[in-house]
Amino acid sequence: DTAVSQTPKYLVTQMGNDKSIKCEQNLGHDTMYWYKQDSKKFLKIMFSYNNKELIINETVPNRFSPKSPDKAHLNLHINSLELGDSAVYFCASSPPAFFGQGTRLTVV
Amino acid sequence: QKEVEQDPGPLSVPEGAIVSLNCTYSNSAFQYFMWYRQYSRKGPELLMYTYSSGNKEDGRFTAQVDKSSKYISLFIRDSQPSDSATYLCAMVSGAGSYQLTFGKGTKLSVIP
Numbered sequence: 001d002t003a004v005s006q007t008p009k010y011l012v013t014q015m016g017n018d019k020s021i022k023c024e025q026n027l028g029h030d031t032m033y034w035y036k037q038d039s040k041k042f043l044k045i046m047f048s049y050n051n052k053e054l055i056i057n058e059t060v061p062n063r064f065s066p067k068s069p070d071k072a073h074l075n076l077h078i079n080s081l082e083l084g085d086s087a088v089y090f091c092a093s094s095p096p097a098f099f100g101q102g103t104r105l106t107v108v
Numbered sequence: 001q002k003e004v005e006q007d008p009g010p011l012s013v014p015e016g017a018i019v020s021l022n023c024t025y026s027n028s029a030f031q032y033f034m035w036y037r038q039y040s041r042k043g044p045e046l047l048m049y050t051y052s053s054g055n056k057e058d059g060r061f062t063a064q065v066d067k068s069s070k071y072i073s074l075f076i077r078d079s080q081p082s083d084s085a086t087y088l089c090a091m092v093s094g095a096g097s098y099q100l101t102f103g104k105g106t107k108l109s110v111i112p
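Taken in sequence, the protein lines are chains A and B. FYI, this note's numbering numbers position 107 of the first sequence as 107, with every residue one higher than the one before it. FYI, this note's numbering numbers position 25 of the second sequence as 25, with every residue one higher than the one before it.
Treat the hints with care, as some may be off.
[Unchecked claim] Pairs of lysine-lysine residues, derived as DSS-like cross-links and limited to a Cα-Cα distance of at most 27 Å, are as follows:
id	chain 1	residue 1	chain 2	residue 2
1	A	K19	A	K40
2	B	K107	B	K42
3	B	K2	A	K19
4	B	K107	B	K56
5	A	K40	B	K70
6	B	K2	B	K70
7	B	K2	B	K67
8	A	K9	B	K2
9	B	K2	A	K67
10	B	K107	B	K67
11	A	K22	B	K42
12	B	K104	A	K44
13	A	K22	B	K2
14	A	K40	B	K107
15	A	K44	B	K70
16	B	K70	A	K22
17	A	K9	A	K19
18	A	K36	B	K104
19	A	K9	B	K67
20	A	K22	B	K67
21	A	K71	B	K67
22	B	K104	B	K67
[Claimed, not checked] Residues from chain B shown here face chain A by an in silico Cβ test under 8 Å; the list is partial:
id	residue
23	K42
24	L46
25	Y49
26	Y51
27	S52
28	P81
29	L88
30	Q99
31	L100
32	K104
33	G105
34	L108
35	P112
I should point out that these hints are in silico values taken from the structure, not numbers from a laboratory. All C-beta atoms, glycine included, are put in the ideal place defined by N, C-alpha and C.
Generate the whole structure from the sequences, applying the supplied hints.
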């Protein structure tokens, strides 16, 4: 039974499109995150939610909007996709942080 | 200076060798220290989690923390080809914060 699951695993889309990535955790954790991993494998936090409340919002373009309908779910919506958005996006929940398998986003 | 420094490698060792992976940090507020293993095209997998100075052992893995020197290490004994992965250190300041700050990761290859 997967602890943190993300869908889709792969996402290929054209510039300018809007897309969403979904995340669910069954660990009963209060805190969930979105991380971005760039081509050099560096993991950088984007957002953190605690009990559906946004607590960390790093310097991320406002085209990225997280939404937490309940504490087990944290979705990421991206508007007007750009080439530079291509990366792997990881959802995680804590404590301590367990990660999903990642969503590899390619913008063409 | 970055908050967490980690030598990106790559590091290549023969099977059976002892591997030492290290991170240094500058933020004295970091209280919790983690090591993650990431296989290619997979999510980071939590290996070790500790909050005190000293050693913590789990099978072939030993995590070492020296808060006075702001230095943490992960030792892998009797390394196996299946240990080939990228290893990331991560730190949290505690006090209700669960924001992990990651090192850049060290790519390890264990050669049979």
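Hints and how they fare:
| no. | hint | in the structure |
| --- | --- | --- |
| 1 | A/K19 with A/K40 | holds, 24 Å |
| 2 | B/K107 with B/K42 | holds, 14 Å |
| 3 | B/K2 with A/K19 | violated, 32 Å |
| 4 | B/K107 with B/K56 | holds, 22 Å |
| 5 | A/K40 with B/K70 | holds, 25 Å |
| 6 | B/K2 with B/K70 | holds, 13 Å |
| 7 | B/K2 with B/K67 | holds, 17 Å |
| 8 | A/K9 with B/K2 | violated, 31 Å |
| 9 | B/K2 with A/K67 | violated, 30 Å |
| 10 | B/K107 with B/K67 | holds, 25 Å |
| 11 | A/K22 with B/K42 | holds, 17 Å |
| 12 | B/K104 with A/K44 | holds, 10 Å |
| 13 | A/K22 with B/K2 | violated, 31 Å |
| 14 | A/K40 with B/K107 | holds, 11 Å |
| 15 | A/K44 with B/K70 | holds, 21 Å |
| 16 | B/K70 with A/K22 | violated, 37 Å |
| 17 | A/K9 with A/K19 | holds, 13 Å |
| 18 | A/K36 with B/K104 | holds, 13 Å |
| 19 | A/K9 with B/K67 | violated, 38 Å |
| 20 | A/K22 with B/K67 | violated, 38 Å |
| 21 | A/K71 with B/K67 | violated, 34 Å |
| 22 | B/K104 with B/K67 | holds, 20 Å |
| 23 | K42 | holds, 6 Å |
| 24 | L46 | holds, 6 Å |
| 25 | Y49 | holds, 5 Å |
| 26 | Y51 | violated, 10 Å |
| 27 | S52 | violated, 15 Å |
| 28 | P81 | violated, 20 Å |
| 29 | L88 | holds, 7 Å |
| 30 | Q99 | holds, 6 Å |
| 31 | L100 | holds, 6 Å |
| 32 | K104 | holds, 5 Å |
| 33 | G105 | holds, 5 Å |
| 34 | L108 | violated, 13 Å |
| 35 | P112 | violated, 24 Å |
Violated hints for the displayed structure, listed by number in ascending order: 3, 8, 9, 13, 16, 19, 20, 21, 26, 27, 28, 34 and 35.
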